[in-house]
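Using the sequences plus the hints, can you model the full thing?
2 protein chains.
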Amino acid sequence: MLEFDADNCSFPETNQKNVSEDGYELWMRYRALEPPYCAACNRLLRSLVFPGCSGSKTLAAARDELLRGICGMLGVTPLLSTAVTGEGTLCVGTSNTMPLISALGLPLDHLGKEGYFIGTVDVNGFHTTLIAANEDTGLLYGVFGLLRALQTGLFNSDFCVESVPKVMFRLLNHWDNLDGWVERGYAGRSIFNWWELPEYVDPRMIDYARANASVGINGVVVNNVNASSEALTDGFLVKVAALADQFRPFGLRVYLSAKFSAPIEIGELTTADPLAVEVRDWWKKLANRIYLLIPDFGGFLVKANSEGQPGPKDYNRTHVEGANMCADALEPWGGVVIWRSFVYSNDVARDRVTQAYTELTPFDGQFRSNVVLQVKNGPLDFQPREPINPLFGAMPNTNVGIEFQITKEYLGFQTHLVYLASFWHEVLKTDTDRWGRGSTVARVVDGSLFRSCRSMAAGVANIGSSRNWCGSTFDQANWFAFGRLAWNPDLDPEAIAREWVSMTLTRQPEAVELISDIMLRSHEIAVNYMAPLGLAHQMGTGHHHGPGPWIDNSGRTDWNPTYYNCADHIGIGFDRTAQGSGAVLQYSQKLSQTYSDLNTVPSNLLLWFHHLPWGFMLASGRTLWQELVIRYTDGVDGVERMIGKWATISDVVDASRFYQVSAYLQIQLKDASLWRDACVSYFQSLNELTLPSETPPPQHGLEYYKRLKYPHAPGNPH
Amino acid sequence: MLEFDADNCSFPETNQKNVSEDGYELWMRYRALEPPYCAACNRLLRSLVFPGCSGSKTLAAARDELLRGICGMLGVTPLLSTAVTGEGTLCVGTSNTMPLISALGLPLDHLGKEGYFIGTVDVNGFHTTLIAANEDTGLLYGVFGLLRALQTGLFNSDFCVESVPKVMFRLLNHWDNLDGWVERGYAGRSIFNWWELPEYVDPRMIDYARANASVGINGVVVNNVNASSEALTDGFLVKVAALADQFRPFGLRVYLSAKFSAPIEIGELTTADPLAVEVRDWWKKLANRIYLLIPDFGGFLVKANSEGQPGPKDYNRTHVEGANMCADALEPWGGVVIWRSFVYSNDVARDRVTQAYTELTPFDGQFRSNVVLQVKNGPLDFQPREPINPLFGAMPNTNVGIEFQITKEYLGFQTHLVYLASFWHEVLKTDTDRWGRGSTVARVVDGSLFRSCRSMAAGVANIGSSRNWCGSTFDQANWFAFGRLAWNPDLDPEAIAREWVSMTLTRQPEAVELISDIMLRSHEIAVNYMAPLGLAHQMGTGHHHGPGPWIDNSGRTDWNPTYYNCADHIGIGFDRTAQGSGAVLQYSQKLSQTYSDLNTVPSNLLLWFHHLPWGFMLASGRTLWQELVIRYTDGVDGVERMIGKWATISDVVDASRFYQVSAYLQIQLKDASLWRDACVSYFQSLNELTLPSETPPPQHGLEYYKRLKYPHAPGNPH
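Protein chains in written order, with the numbering used here: chain S, 15 to 732; chain R, 15 to 732.
It is worth saying that the hints were derived from the structure and are not from the lab. Bear in mind that the values here come from a model prediction, so they are computed numbers and not experimental data. Hints are supplied without guarantee of correctness; some may be wrong.
Said to hold, decoys possible - Derived Cβ-Cβ restraints for the label pairs, each shown as a range:
id, chain 1, residue 1, chain 2, residue 2, range
1, S, Val252, R, Pro523, 38 to 44 Å
2, R, Leu168, S, Val252, 43 to 49 Å
3, R, Pro710, S, Asp259, 30 to 36 Å
4, S, Ser568, R, Glu702, 56 to 62 Å
5, R, Glu702, S, Asn240, 46 to 52 Å
6, S, Asp506, R, Asn302, 38 to 44 Å
7, R, Gln680, S, Arg303, 19 to 25 Å
8, S, Asn360, R, Gln680, 46 to 52 Å
What the hints assert, rightly or not - Result set (DSS-like, lysine-lysine): computed pairs, CA atoms no more than 30 Å apart in a straight line:
id, chain 1, residue 1, chain 2, residue 2
9, R, Lys298, S, Lys723
10, R, Lys684, S, Lys299
11, R, Lys299, S, Lys684
12, S, Lys299, R, Lys723
Beta carbons: idealized from backbone N, C-alpha and C, even for Gly.
Next up, the structure:
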């Protein structure tokens with residue numbers, strides 16, 4: 015984005031209807047508002063009082079953003095003033111920068127360090143809009159709040175909003191390797207160019223920080239959880255510090271993924287035993303070096319003893335001993351250790367999904383207060399649909415945060431249109447029922463259930479060097495929605511979708527309605543063509559693209575789709591009831607009952623919890639086999655419906671983005687058909703049943719699908 | 015680039031001085047011309063007669079480009095007309111599309127299929143500018159020729175130019191893997207997104223084709239010479255065809271790197287023996303399939319029996335037998351086989367640089383007429399400086415093309431400013447002296463020396479997904495210069511530099527002078543700090559970044575810098591005279607004498623051909639050791655001078671590009687000092703001599719430099 019030039023404000027060329035856009039602006043797309051609304055807003059924003067900008071990079075950034083937005087949307091730059099001298103002034107300040115705030119006697123304490131208030135006040139008899147906060151970062155968030163209100167048509171002369179983030183740490187996890195390759199990345203290479211840092215800092219880093227601040231994301235783990243120790247060397251930390259300097263004004267802290275064996279690999283120690291004095295010393299000295307370079311360094315993210323990563327168990331130590339050792343090193347500086355709960359043993363368990371719970375719950379209450387356990391939304395691994403992770407609510411004396419996957423490793427990469435917020439909402443609103451009614455996942459995540467001292471929501475980033483950041487237009491919505499939900503896990507995914515569409519694509523009401531509708535239905539559609547009725551882990555090995563329900567020869571048993579579908583000529587599904595693996599018993603008694611009982615288990619989790627005969631009769635009046643085939647077919651039909659709807663709005667979206675979405679929907683249709691046909695073929699080869707009459711036969715024989723290969727799929731670890 | 019809208023022409027916003035630019039436009043940057051010149055051009059280009067555009071995608075593309083350029087530079091769109099009815103008309107046509115051309119009786123036959131004529135003619139008494147050609151592609155090149163004349167201030171009422179490419183195949187070789195990773199790529203990932211093709215074709219593909227056409231590049235090998243067989247599967251060819259459809263209007267043909275073992279890997283044969291009937295059949299059927307999809311497919315590029323790649327020698331067949339087999343498959347369709355001469359045996363030779371000549375010259379005259387031997391500029395491997403490859407001129411009965419490396423594998427990657435055209439010019443103007451005086455490399459490459467039926471110049475692309483295409487502004491100049499030199503190997507590198515600066519950065523005369531001067535001195539500066547006096551292959555193993563003159567433990571002897579510097583306490587240099595490896599005898603007698611004689615060998619090739627004692631007295635009056643240290647030091651000083659010069663022009667280049675170049679120059683200075691200090695330290699550790707008094711000591715001890723590592727260097731094969 016080119017720098018903003020307040021002296022030269024006019025509607026930019028790209029305000030022209032249907033001029034092609036490359037998506038680089040994301041939702042910070044400040045196009046001319048429609049005339050009557052534009053005029054009304056103009057009257058309210060004639061002049062701007064924004065003191066303190068020369069002394070604060072955060073305030074300077076907030077003011078620039080405000081001017082950029084107002085200039086773009088209203089076509090004029092407000093008069094910069096030092097006092098309210100007429101109608102239509104916008105005042106932006108903290109009690110430090112603006113005596114007016116104290117004079118007004120507004121209660122602001124409850125806004126904390128990051129919250130903000132926007133409202134109308136009377137100043138010297140003039141109708142004045144005020145953005146107030148306790149800290150500079152709160153004002154920055156407030157500015158973005160005001161701009162969002164303008165973009166979505168909500169701003170008016172009575173506009174009033176108060177917003178305080180419910181979650182303390184709102185983080186992106188970049189699975190970016192130091193050589194620029196992104197694991198499970200579908201949007202090009204890493205946006206972090208370590209080779210050129212610290213000398214050259216890509217201006218894109220500023221736009222990245224703006225985008226995060228605009229949705230309230232306040233931290234970023236810049237390297238892959240499958241970490242390289244080099245990220246902790248002095249030569250690399252200097253580079254991280256250069257990034258941190260750019261991010262700091264935007265309230266964005268850097269974190270690093272730390273490899274547990276770093277003391278050996280780069281520290282020349284012979285052990286990484288967390289109880290060894292020299293190891294503990296090494297981490298402490300490392301923390302000291304880091305904080306000298308990066309005073310607001312966030313902390314370490316650690317993936318330990320999981321999928322081949324080193325960890326404390328290599329030394330017969332526990333996860334607690336490992337995490338607390340790191341925590342002790344960071345504690346003097348205020349840093350946190352984020353310890354991933356995604357651990358599963360090298361020995362294949364009876365049921366892999368039970369392992370993290372079994373392994374970690376005994377440690378509840380033993381983690382240091384600056385440790386946050388980062389728990390994936392479900393117990394398996396970011397599958398298209400999973401029930402909630404049973405760890406939520408099960409560790410009341412531990413800081414438990416949630417990890418969502420924004421990048422669509424298991425949901426069609428960048429070319430499938432899948433809006434994730436509806437699924438995330440489904441997870442967040444689920445009642446763990448462990449601590450009375452309403453002990454939802456959201457209340458675990460925001461810390462309110464157990465009054466956790468540190469709450470956290472992390473999203474695995476879908477961001478890369480693609481010009482449009484996320485590889486596709488609609489994947490931008492998932493970044494946006496993650497930030498909004500991390501700020502407030504109670505937000506409605508439909509409202510978020512409408513916001514994003516209005517800010518990113520069009521404000522035309524019918525089109526907003528139609529596009530939001532496409533988005534909100536999209537996740538269920540994808541689940542249907544990939545893994546309906548609670549199936550999971552049915553994708554090809556390694557690349558995780560395309561169907562492979564027949565695969566039974568992966569490196570370990572619990573990497574096989576057959577391990578998860580348990581399909582044979584008699585039936586299908588993983589029995590996780592008390593009679594099966596017992597995984598269901600890891601939930602609260604009430605939830606366990608709901609999932610165990612065939613009358614109450616949600617149909618979209620049926621085969622997650624139950625193994626059933628193909629002829630099992632469902633409430634729909636169809637057999638399991640019929641229902642399964644119909645769901646797969648519905649998924650494909652759903653993509654066709656999306657294509658039909660999208661085609662109707664060619665006149666409201668610019669040509670480039672319209673074309674890309676259209677082309678990607680064709681890819682999605684091809685892939686959806688493939689998923690449906692391959693899975694139906696395979697299961698039919700087992701049960702030898704006929705298809706429901708209204709569903710078409712697979713296009714090819716099973717052998718065709720088995721032979722398909724996807725070499726060079728993006729995001730696949732080398 | 016957004017599409018051009020002729021109805022809405024005005025000077026674009028970015029005409030504003032010093033608005034930041036991201037470099038995406040390359041040299042097709044049509045900014046407003048300075049007022050008096052602008053008005054003069056306007057008078058000559060009031061209206062446009064350009065028939066035939068509705069029937070030809072090439073002509074439509076040419077007309078769009080012309081309007082985009084004129085609108086940008088002159089601020090008005092010429093009146094579209096069907097006949098010359100007044101002063102100041104531009105007519106663009108072939109004898110097919112414009113009866114006027116035939117009526118004028120201009121001799122155009124010698125322009126061939128790609129050449130063009132631009133000149134002034136009298137039409138109905140009106141002063142008229144004419145672009146004429148025999149074919150549509152010639153007109154497209156003519157349009158770019160006219161735009162270049164406008165951009166560089168050469169267009170006027172007497173403007174007259176005739177231009178015919180001297181080289182038939184002007185190709186980019188992309189070392190791009192199918193997963194998007196680019197070998198020796200320093201500009202992000204591949205611009206070819208195979209995962210999304212054929213459904214989605216990135217609009218960037220059009221801009222890529224435009225850029226190539228603008229400098230006359232007419233073919234592109236889209237995949238790495240270290241090839242994957244999947245590139246030849248049906249599923250992949252459909253994707254290539256979709257690209258070819260986009261490239262075709264721009265005169266740009268696609269080629270594929272072919273892996274010699276493909277018949278086994280994807281053809282289910284048990285052999286790839288080029289004399290086996292089933293193998294020959296397999297390649298023929300492959301060619302048939304390709305040409306059905308891509309009627310103008312260019313052909314195959316093959317790296318065989320080199321650095322581990324499979325080839326005919328795996329079956330005890332010769333390079334000729336391998337190449338001719340492929341050639342026979344392509345011959346019916348008019349395709350060519352480009353066979354790389356970069357072959358070196360798995361057995362380490364006495365002198366690796368002699369191998370290709372020894373192996374290939376006996377086959378002169380045996381290659382099919384649709385085989386082109388692609389010969390690297392030097393006998394080793396794209397080192398900072400090498401003498402010419404002795405194969406040039408040595409195979410009079412073979413089509414011999416040249417391969418340059420545009421990507422700077424051995425010249426500091428994207429962050430060092432090194433303009434390569436001066437070195438390429440040095441190679442092209444070198445007289446092989448095999449067929450009388452003036453039998454230069456340029457005359458081998460353009461085919462004029464031996465009347466080759468197929469001439470070729472290939473450049474290993476430096477293009478990637480970076481917004482500025484090449485990773486840095488100045489690397490764009492190398493793409494540009496390669497195209498210009500491939501069109502006409504006799505062009506002057508200084509003229510090319512001035513063209514590029516004027517088109518890309520600024521037209522301000524003093525700045526053009528200064529920037530061109532920086533560019534023209536840059537290669538010698540880099541050679542000095544990396545490998546002065548004819549040293550070569552002194553870089554670190556694998557990543558090829560940074561100094562490693564002490565390295566003696568690579569996988570094979572001839573990958574070791576010590577193999578090439580032969581330095582010990584007595585002397586330094588590789589003896590390639592008749593008394594040494596005899597490599598010098600592979601040149602013509604005259605050239606061999608020049609290089610063998612210490613009085614005539616150019617100082618910049620001294621240690622390439624001679625092993626000399628440290629105390630050897632040079633014509634400069636310095637000992638070899640003194641001279642070596644002074645050259646290294648000069649290299650570093652040269653970078654400092656570049657920094658000083660660049661700093662003076664901050665007001666004529668936009669802020670973003672100015673900053674990036676400034677930051678990269680700081681990286682270059684750091685690296686240059688490192689190269690100098692490390693090499694001087696190492697050689698001093700051998701000879702134990704003191705440094706010349708005017709040169710500073712290395713900053714650190716030798717052990718420091720030996721310990722340096724460059725993990726995660728870009729472009730390094732996994």
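Status of each hint after checking the structure:
At roughly 41 Å, the beta carbons of Val252 of chain S and Pro523 of chain R sit within the given window of 38 to 44 Å. About 48 Å separates the C-beta atoms of Leu168 of chain R and Val252 of chain S, a value consistent with the hinted range of 43 to 49 Å. A beta carbon spacing of about 31 Å between Pro710 of chain R and Asp259 of chain S agrees with the range 30 to 36 Å that was offered as a hint. Under the hint 56 to 62 Å, the C-beta atoms of Ser568 of chain S and Glu702 of chain R, about 60 Å apart, fit the expected range.
Take Glu702 of chain R and Asn240 of chain S: their Cβ atoms lie about 47 Å apart, and the range 46 to 52 Å holds. In this structure, Asp506 of chain S and Asn302 of chain R break the distance hint of 38 to 44 Å, their C-beta atoms being roughly 58 Å apart. In this structure, Gln680 of chain R and Arg303 of chain S meet the distance hint of 19 to 25 Å, their C-beta atoms being roughly 24 Å apart. For the hinted restraint 46 to 52 Å between Asn360 of chain S and Gln680 of chain R, the CB-CB distance of approximately 47 Å keeps it satisfied.
For the proposed pair Lys298 of chain R and Lys723 of chain S, the alpha carbon gap of about 25 Å is at most 30 Å, so the pair holds. A distance of roughly 28 Å separates the Cα atoms of Lys684 of chain R and Lys299 of chain S; the hinted pair therefore holds under the 30 Å criterion. Annotation: proposed proximity of Lys299 of chain R to Lys684 of chain S holds, straight-line Cα distance about 28 Å (limit 30 Å). The straight-line distance between the Cα atoms of Lys299 of chain S and Lys723 of chain R is roughly 22 Å, inside the 30 Å bound, and the hint therefore holds.
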